[in-house]
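Hey, can you piece these two chains together into the complex? The hints should help.
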Amino acid sequence: MFCDMESLLACVGSQCIFCTGKELANISHLSKKHLKDAVYFNINNEEKFVVACFCKDSKWTSRSHYHCPHCKFRAFTRSAVFKKHLKSKHGIQSHMRREKASMIYKKVENSTGESKDEQMGVLKELQSWEGDEDFEWEPPSEAEMKVIQARRERQDKISKLMGDYLLKGYKMLGDCCDVCGTILLQDRQQKKYCVSCQELDSDIDKDNPALNAQAALSQVRERQLAAQSPAPSQTPELNGGPSNGQPSVSVPQPRPEHCEGAAAGGRALLPPPAVPPPPAAPSTTALAPTRPAVCPQNPALRPVLQEAEEAVLTKLRWATTQLQGAASLEASIQLCSLITSCANSLRSLKELSQ
Amino acid sequence: MCSFFCPFMSHGSVVGVLEAVILRSFGPEGGQVLFTRDTGQAMLSRSGTHILRALHLEHPLARMVVECVWKHSTVTGDGSKTFILLLASLLRKIHTTASREPHVSHSYNSLEAAEAATARHLADKLLAFALKELDDLIAMEVAPHGRCVSWEDFTAEMHSPANHYVQKLLASFFHMRLGYVHCAFISELTCELLNHWKCIDNLPYFALQFLKDNFPAIHTPVSGFPITSSRLIEGQVIHRDFATPYPQTDHQPIKAVVFTGYLQPRLLNTGDVLEVGCGGTEERSIVDFSAWTERSLQCLIANLQSLGVSVLLSVVKQSAAVLALATQAEMCFVDCVSEDELSLFAQLSGATPISDCWRIEPEHIAELTFCRPILLGPHRYENMPFFSLTCKATHLHAKNYLGTIHTSHLQTLVADVFIIRVKVKPYSLIICGSGEGQTDQYACAFQDAIRMLFTTWEPIPATGTTAAKRTVQSDKRTSSYTHVLTDSSTCTSSNLNPLHKCVLQPGCIMPAGGTFEFLLHHALLKLSHSCSASNDTNIGVPVSRLLASALLSVPKQIYSHSPGQFLQTRTRHNAIFTQDMGLESVSCKYELLLAVLQCVTSLLRVDTILRTHTALHTQSLADTSWESTEDEAEN
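Protein chains in written order, with UniProt numbering: chain A, 1 to 354; chain B, 1 to 635.
To be clear, the hints were calculated from the coordinates, so they are not data collected in a lab.
A hint or two may mislead.
With beta-carbon atoms standing in for the labels, derived distance ranges [as the list claims (entries may be wrong)]:
| hint | chain 1 | residue 1 | chain 2 | residue 2 | range |
| --- | --- | --- | --- | --- | --- |
| 1 | A | 89 | B | 28 | 51 to 57 Å |
| 2 | B | 567 | A | 146 | 23 to 29 Å |
| 3 | B | 136 | A | 155 | 34 to 40 Å |
| 4 | B | 567 | A | 325 | 53 to 59 Å |
| 5 | B | 36 | A | 192 | 19 to 25 Å |
| 6 | A | 70 | B | 111 | 30 to 36 Å |
| 7 | A | 59 | B | 101 | 29 to 35 Å |
| 8 | A | 154 | B | 434 | 56 to 62 Å |
| 9 | B | 567 | A | 154 | 23 to 29 Å |
| 10 | A | 28 | B | 71 | 23 to 29 Å |
| 11 | B | 531 | A | 148 | 25 to 31 Å |
| 12 | A | 146 | B | 36 | 52 to 58 Å |
| 13 | A | 144 | B | 180 | 24 to 30 Å |
| 14 | B | 101 | A | 74 | 38 to 44 Å |
Here are the computed lysine-lysine pairs in the DSBU-like style, where the Cα-Cα straight-line distance is at most 35 Å [as the list claims (entries may be wrong)]:
| hint | chain 1 | residue 1 | chain 2 | residue 2 |
| --- | --- | --- | --- | --- |
| 15 | A | 32 | B | 526 |
| 16 | A | 160 | B | 317 |
| 17 | A | 192 | A | 168 |
| 18 | A | 33 | B | 526 |
| 19 | B | 125 | A | 157 |
One side of the interface only, derived from the structure: several residues of chain B facing chain A at Cβ under 10 Å [to be verified]:
| hint | residue |
| --- | --- |
| 20 | 36 |
| 21 | 59 |
| 22 | 61 |
| 23 | 222 |
| 24 | 552 |
| 25 | 556 |
Glycine residues also receive a C-beta, built at the ideal position from the N, C-alpha and C atoms.
Next up, chain B with everything else stripped away, as it sits in the complex (with noise of 0.2 Å):
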């Protein structure tokens, strides 16, 4: 059963009606969205993906677009807002253009046809364009007019100007998700804590990946307090209680061990066959294999007492057993610890966890400073006491980490499979809220400015032909890269590729409030001038004069309370400067210009939906409609 329906229109309506719903919460005058559940609960947010996510949609042309602003949310951290408006206004030009000239060099059956060919045809040059020209346009234009930041300016003092504007991006980004009462505050702790994991030695931006990386085991939400309770601990918090009573030990240093399976072997499993009772002449039965078991467990923790071992942490759930030997050992004992806080204690002590329990070698071993429960939350909210764990400062290896810079696949990779000794003293976030669901609107935010950062300070990759050489030249990019990353008032492309004559800087933030779009709107008309000036296209209206209006409309938004002010802005760019928005990152602005283009290109290159009666794959939607045309039919 196939419905027929014009594509065009049905983009238009389906990303205007995504428009409406964002638009009264854009800006900085923009409003938050209270979401109740039918359970009672509440909660209040601006954030776009939020809104987005927590809408009903059954529309596939609408779940795609949330589904790319969700994935292009998790990559940046900010934008979807930005990136709906950006979206629905390139739609209405490319709309206008498209029937306004239609392409008549092929022969269409209808009108319609003929629009929705030319309106393909734009999308695709427009994206061909930006994957080209845009990174250098604004390299050239629009950074100049912004300030470049160095990692290293930031980490070094507290008060460092570097610092002042990192605090001012961080401020900028708070008040627009959390409001402006708290965001001064919560952008302190945001520095407060990138100063305590700074890594001094390494690539500058190493502390960002890593707690990106890591933030959900860096962190831990408690609800029940106001905003102002949150505060950065020493060490690093494993949301888990004691299995055993804690014993209080006043030797340092304290040894733990990480154990991934089962300590006593598991009698009875699905699938599993027991022989009991061969190759002896005693009849053995069950009972005598548990005695079994439990000696060799015996003979287990007197060997880890030997080695002065006295704390235990384990992936997998104990048996009583297990628990009521290392109680008499006197032995603390955590279990069920998820995996990314196990992966994040290992990579901070070094020490590698241990699969089979009958080899335990030294550099299984962790030293620990100090383990000790802590208390967040009331009992009420049934927050168990944590226990919070440092290590010593170890030596520093980055195993083969500086090689896989670029390809972000290969970095979870190196996470997972090399042991990342980091010589930084750990610290983690305790971030309080009211609810819970304000606790983890905090918590999101916070991940998001650190993406955020991370994007920002990220060096971005070269496009085009510049892809292949940097591909060739693996070995000699570490140095390059330090070199680019260290020297940030000069070009230094020139190391790297000299076709290229500027490449776009990491750490480049300007003012907020629709300067960047200001900007690269007036670079694009100077460079549609120019080109019309030089060739005629056939299409006849140059795809950058189509993106330099649409652009216009997220500072229209912005200033819609004062038109006049828009206007004002728009005439005199050099007034916007005078204006306190806060900041903006450039990179973030780039990548999202990026992403909204990949989306329009994936939305005009459908031409059909049909409603199938069965499902298809209980994969996400998004994969199967990022395919042009039509889905399957299954009748």
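One chain only, chain A, in its complex shape (with noise of 0.2 Å):
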């Protein structure tokens, strides 16, 4: 494991300790070859990186593999076993560099001269980069190849429903529907018609309680859980800081993918009185649905108003974060939208308090 650039430049000679063969270890090579195919993760906030090797100290001499720093060196020879194993033994959310570091040693190679000043200043240039996940390449997680595949599905669907209709005589028109993008279809009497938004289900109104009678339902037993349980569940709350066991059995993890939402909007609306943040919850993250307003009917509920405007403005705070930690696509639209319905309770509950 390597905390910067630094370090790693320390490697460079005559024979890179990385490869099993013959190869100079120049800058362009560590780079091109090794850096590629790091592994990439924050540790209190400061960025590390995990190199692949050959080396003897594990059973894979032939095979390159990566050392784990915290498991005493137990080495895995796919990334992405060794990341899944970050994530879930250590916490660690890690990440790859694949597509940026191929546009890094493209400007190795042309910088001219292979002076000490230009290599540490593309190095640093490395160091400094935030790295957007436009063009990074992951396998995706199991939620996102089963939303893959309800998307491909769904697909399939509309096909198929499309074919239907145009052998009873409907006509394909050139125009797509403005709220999903299908394709639309005309009948005899000139009426549009688009197949996925009359039709089908709309795949993500599936988890709003209020348009859906299984997410509310959901919703509900899910607050019932946590309401039962409020005393366990708030201790290792109370602990703080960063917690790397699974939460409190009264608001299990692993839960069906529909729930979820519902789970975390269950866990969102607990109303604690004074609740530290809550634990940093790996993976699995709030889909907030829209929070019903709060209405209280005279002024002696203003502390009470007060009591909510705090709890959201941390469950606020809390999403924030963890937006800024977040790796995968799917945790940041939900956390995303966990702080759009924070901030309409925030408006929603400032308007009853005027």
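Structure, rendered in structure tokens:
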């Protein structure tokens, strides 16, 4: 494991220590071959990375492997397995920088001469680069795979329905639906018809308890569960700080996908009087449904409103910190929607108090 | 007003919809589509082209795809549903590959733009690969598993083994197209037709070419009878009735002439100026003029009578005076004969149509064996009695025809300009069907079968660098081609081109049911393994692998009712020959692949669709959308 570029740079020499054969270990080789496949992660707000090697310390000497820094150098041959291990065992979110490295080593190639200043400049750029995730490709996580699968099935269903309608004599227009982007059909009476909007269930509405009964039921269930055992759930929360283990039993983490949002929503709606920031929960985050507006009838509820505001603000703060560290697309989307609903709730609370 | 859309998703979804439309009719287990019109006419069809053209499509991409399918089908006659299946699966594979590894060599605004560019690049690479290497691959890896049937073997005897293969090929074609009930009968009828039309001295596939070009004139659809009443009759059938009562003539040969113009000059046309009474002292009027024209007609008819002509055929409708005079002279007259029938008549009989009726030469006179009316169909279907004629066998001349084998556009020129005298006894095909739609369907099936046979036996022109060599050796072509076509067992490409090791032989057929796709899939995978060992491509995945995985979608659909069988045949591809799913032609499959890849390339070149408020050209939309990127926007 390396903390920064300088320590990697120290490995520059005539024989690369990460390769099996004889390889000149210059900047170009290190960045092209090893940096490209390194696994990056943040520990204590410091970025570190692990480079794959062929050393004899692990049982795989003929395959390149990664050493886990926390497990006393337990080794993994595949980067995906290593990343999963980091995430599940140590709670570390890691990523790779394949594409960015390719841009970097192009710069290294283009740089004339191998002067130390230039190399340091190039590597500093690599260090300071936040890395936008546009062109990075990682194997999709399970949740993402499910989403991709569901989308594909939905698309197939749409195609089949449209094919049936075409055979019935409908006309396929050149326009797309404004809402969902599916191609529009027109029947004999010149009426436009969108197959996905009007026939298939929308794939985002099923998590919204306002529209879907199942989501509402699961939300109620979650709230009941959370209300049943508030005491044991709060003691680990009072510890504060990042906790690596699973959260309390009352709100179990591995729930079916469609209840995730409701479960998190139930958690979010829990009105704690003075609750410290909840534990830094890994992976599943809140998809908070639109919060039902609290409407007190008399000014005696003003302190209640204030407490509600505080709770919402706390949640907002928590969501923001989570968003900064979020690595997957789904999590970011869900966090953003939570922030949106928190803001809406705050607005409605402020309106009520006025 | 422009509507930007994500081109990738649109391509995939449009072609996906078309795929969903034809999927249920695909394969030997596929069903038929019932078409109904507002007038109450109903028709069942399984032909992919028919189904796709009957859909109401306004989406430009969908129309482009249907146009591609139709054009392909007019050439090969088969494979329209397979076209859509392959197209959809290729687009899906390209989309997956492009989204997985978008190009980062250039900077793009968004991931979508990068994906689209990668997809375009992949499609171009695929097409280049197919044009360069695919025919060699097929000739080396796939064709050896099939059989090469030469045309001579087929036309030699009715019950030879080669005949059996061709009949089986036709039977499987008609089975897919029309159903299993009558496919044997129809394929026998087609074989009989081909046997009658074979030209012994000429190049083997000349008969197929001739039939393909003249099919509308050779067949006669008759509705109201079961399909089993279809038969061949001797002679050519002209689809018009006698304009004059037919006198029974016993003496032979019957002489006939063809007129292309009006015999009696028409008095008044728009824009004509008739000067009457010029250059003479007497007062002339129109009546005198028409009397003069009648007198000239009488001279003409007398002239014809002296030559012994008794049958007159005319392209245009002649005036009543002409008809009256012809009746008086006991000549039969047929007018409003269609152009293609007349051209066939001219080819068969060797007589040139007369354009100037005052100069009748001996070459204008055709000799017929018989000429009689024939009643086809009951009166209530408004079928007019036809008459049929045939001609004596005349000499064989194929003027400059040998020089135009490859370039198909010149062949039609030859048929129009030169007169080809064919040593053949012509037979006409009467196709019967229960309703008009059914009869039309059978006629289309016949025509497509002949097109398919023609594509099978047509020598495949060389691709790439060898094409240049071919055009240079135009004089030696004729002799070398007869050599290629008569010798089916050995690869004679060494005579033609030293560069290619083996060329796809005409007449190559193999078992149907996904055999071609499986074999090509394995061959492509082998090629990709050898390629990846030798060099590293930029894209990362060789296009041959992409094509190989896309090809499997076809047998997957064929075996969709039994996935276990699909897996079994995939792993042990020796077993495919034990199943009897009929035969199919390798050349047709090759043409299909090329057409699909070209369609994919054109589709992926479309970036945006702009809506216009006014119509652009009245020409087919396909012509404008073949161009890349945007159409003109006129607001």
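Hint check results:
Range check, residue 89(A) to residue 28(B): about 55 Å between beta-carbon atoms, so the 51 to 57 Å window is met. Between residue 567(B) and residue 146(A) the beta carbons are some 26 Å apart, a value that agrees with the proposed interval 23 to 29 Å. For residue 136(B) and residue 155(A), the Cβ-Cβ distance of about 37 Å falls inside the hinted range of 34 to 40 Å, so the restraint holds. The hinted range of 53 to 59 Å is not satisfied by residue 567(B) and residue 325(A), whose Cβ atoms lie roughly 46 Å apart.
Range check, residue 36(B) to residue 192(A): Cβ separation about 24 Å, and the 19 to 25 Å hint holds. Between residue 70(A) and residue 111(B) the Cβ separation comes to about 34 Å, which falls inside the hinted range of 30 to 36 Å. For the pair residue 59(A) and residue 101(B), the supplied restraint of 29 to 35 Å holds, since their beta-carbon distance comes to about 32 Å. At about 43 Å, the CB distance of residue 154(A) to residue 434(B) disagrees with the hint of 56 to 62 Å.
For residue 567(B) and residue 154(A), the hinted distance range of 23 to 29 Å is satisfied, since their beta carbons lie about 27 Å from each other. For the pair residue 28(A) and residue 71(B), the beta carbons lie near 53 Å from each other, so the given range of 23 to 29 Å is not met. Between residue 531(B) and residue 148(A) the beta carbon distance is about 30 Å. The supplied range of 25 to 31 Å therefore holds. Remark: the range hint 52 to 58 Å for residue 146(A) to residue 36(B) is contradicted by a beta-carbon distance near 43 Å.
Our hint of 24 to 30 Å for residue 144(A) and residue 180(B) is violated, since their Cβ atoms are close to 48 Å apart. Residue 101(B) and residue 74(A) have their C-beta atoms about 31 Å apart, which leaves the hinted 38 to 44 Å range violated. At most 35 Å may separate the alpha-carbon atoms for a hinted pair to count; residue 32(A) and residue 526(B) meet this at roughly 31 Å. Restraint check: the Cα-Cα separation between residue 160(A) and residue 317(B) comes to about 53 Å, which exceeds 35 Å; the hinted pair is violated.
Between residue 192(A) and residue 168(A), the direct Cα distance comes to roughly 15 Å. Compliance with the 35 Å bound is thereby established for this hinted pair. For the hint pairing residue 33(A) with residue 526(B), the CA-to-CA distance comes to about 29 Å; that is within 35 Å, so the pair holds. Straight-line distance between C-alpha atoms of residue 125(B) and residue 157(A) comes to about 32 Å, which keeps the hinted pair within the 35 Å bound. At its closest, the beta carbon of residue 36(B) sits 9 Å from a beta carbon of chain A; the interface hint therefore holds under the 10 Å criterion.
At a threshold of 10 Å, the smallest CB-CB gap from residue 59(B) to chain A is about 5 Å, leaving the interface hint in force. At its closest, the beta carbon of residue 61(B) sits 8 Å from a beta carbon of chain A; the interface hint therefore holds under the 10 Å criterion. With a cut of 10 Å, the hint placing residue 222(B) at the interface with chain A is violated, because the nearest CB-to-CB distance is about 30 Å. At about 18 Å, the closest approach between the beta carbon of residue 552(B) and any beta carbon in chain A exceeds 10 Å, and the interface hint on this residue is violated.
At about 14 Å, the closest approach between the beta carbon of residue 556(B) and any beta carbon in chain A exceeds 10 Å, and the interface hint on this residue is violated.
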